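> Take a look at the letters that make up each chain.
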Amino acid sequence: MGRRYLLIKVVCETSLSDEQLLEALTNSVRKYFGEIGLARIDPRLIKFDHNRSTAIVSCSDGGLAQLESAVALISQYLEIPLAPLVLRVSGTIKGLRKPSVR
Amino acid sequence: MAEMLKIAGYSTVGLTIPTGLFRDRVSSIRRIFEREGLDTVIRIDLASTSRLELLKSLRRYRKAFDLVSVKCINPRVATVASRDRRVDIIFFDGTNRSLRFSHSLAGLLRGALELNLISNLLGQPNSSTFASLVKVAAIAREHNVKLVLSSGSRNPQMVRTPLQITALGSALGLSNQETVEGVTLAPMSIVARNLKKRRPEYVEEGVRVVAPTQR
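Chains as they are written, first to last, in my numbering: chain A, 1325 to 1426; chain B, 76 to 290.
So that you can see chain B by itself, here it is in the shape it has in the complex (with noise of 0.2 Å):
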């Protein structure tokens, strides 16, 4: 897998990791594809059925992880992830038709939007997929929602390239700057910002403490 991404061009990979892995493990991990050249970024996805168990989740893995993002399993999980700022990015199932990116979660949204293409594409390859990805894109396009565009890979067989995620994200209506940011910039602005507030210095957005020594 790391050697296909490296082949692939890229310098930085989020690797989801499961909750119940050890740090060792974790770390062992990280080593594979730091020893091809690759940046790591931990992540995590958070599958919650309800809303309390999604809080709960959230105040146990936030600041253990680089990336939070949450599948959207029902309309309720879906709402308290678009309003909470802890969670970084939301992404739906591609098989679950009866819940789809709407107007007002676009409008709570706080966080990204994560479209996962290749795994939804290569999934179910028809019509209707491309047609609720092109209307998910419109949305995010209409509510200026910040996109991340992203292959989904599980496998090294459906790595892709950066200019072939790109082209995807022209096939379902985006401009050129807004599949190139969703691509590069905002993943990475999310990465750093996630590094800002990991710094014992950060109290909350705006407010930082400022030792003596540093005025």
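Okay, chain A solo, but in the shape it has when bound (with noise of 0.2 Å):
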């Protein structure tokens, strides 16, 4: 099964680590659409670049509106305000580099 890929941009007042972003992510995806649906989403986190904010971000081909919906519904983590922006979204990592038209 195919893939798909986000560039999301992470507002956030101080700096998260990998494992912080996916956590963040995972925590979500459980809240809104459960074990199954984190299983069947399955987000995984390629690449966090913490200089630009972005990270790379990618999930099964059927669950990519549910991971964008999960991620518009994070706002903090660990009483950290957060705002996670999906700019664009791809088939491949390669793609991500030009705008996304849906």
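Derived from the structure by calculation, the hints contain no laboratory data. It is possible that part of the hints are untrue.
In the BS3-like style, the derived pairs of lysine-lysine whose C-alpha atoms are separated by at most 30 Å in a straight line are [claimed, not checked]:
(1) B:Lys81 to A:Lys1333
(2) B:Lys271 to B:Lys131
(3) B:Lys81 to A:Lys1371
(4) B:Lys81 to A:Lys1418
Source: prediction; values computed, not measured.
Two chains, two separate frames, one set of hints: put the complex together.
Here it is, written out as structure tokens:
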């Protein structure tokens, strides 16, 4: 099964580690879609650029809208205000460099 | 806020302005957003408690604002706001459980229904909020009500991209076309219609003054 890649801008007052960002993502998916949803969506952190505050996250093909929703509903992590913005979506990591059209 | 909206990829933003604000203050707020390359639409949210108060506010503010929306506080205000063609958008308070968008209101509605997804879902994240939004979306679909999907953000932390808003719309059971219309086409069509209405030659729907030179 194919995967989709999301470019996410992480707006946060303090810098998060890779593990913290992934935990925030998986917690949100688990909260809104449950354990089965988490297994189906299968979010994975590919890369987190701390200087630009952008992350590349992948998910299963069918779980794209659900992951986008779960990301939209993250507002904090350990009481730290957090606003993740999904900037682009693509079928390849290379494709994230170009503006997406949907 | 303007910077966040620019990062999120918006080109036009609706700014809710308090009624008592001076014109120069409104212009300076608009300039902040325009400096970031964002077009602005000035909007008023009327939260009247009675029918008469709403009608009075509509008479007073309709021509001064690009968009007029009504926060439905009670059933009487909701009925009048749905029926009145001066109202562009109606929306409901997510915390008010006693009043929801119903089939009868959907039948009356002339404007559009706004779903403030982020502010509603981040405000009190529980299954009943989701369930009521799913129900509202289903009623709107059934009656072909024009939907406006918005984040309803009051601070930069609540800003989300159009992609995320459409994804949330899909999670509520709306089709891809409906969500895209709700985020882009529906709000822009309302703004375009209002700009047309504010032109001096506009008289009524389908009626406009044609100057002798234009014949």
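> Does each hint fit the structure? Answer for all of them.
Checked hints:
The hinted pair formed by lysine 81 (chain B) and lysine 1333 (chain A) meets the criterion: a straight-line CA distance of about 12 Å does not exceed 30 Å. Taken as a hint, the lysine 271 (chain B) and lysine 131 (chain B) pair is honoured in the structure, with Cα atoms around 23 Å apart against an allowance of 30 Å. Taking the CA atoms of lysine 81 (chain B) and lysine 1371 (chain A), the gap is near 24 Å; set against the 30 Å cutoff, the hint holds. Restraint check for lysine 81 (chain B) and lysine 1418 (chain A): satisfied, since their Cα atoms lie roughly 23 Å apart, inside the 30 Å limit.
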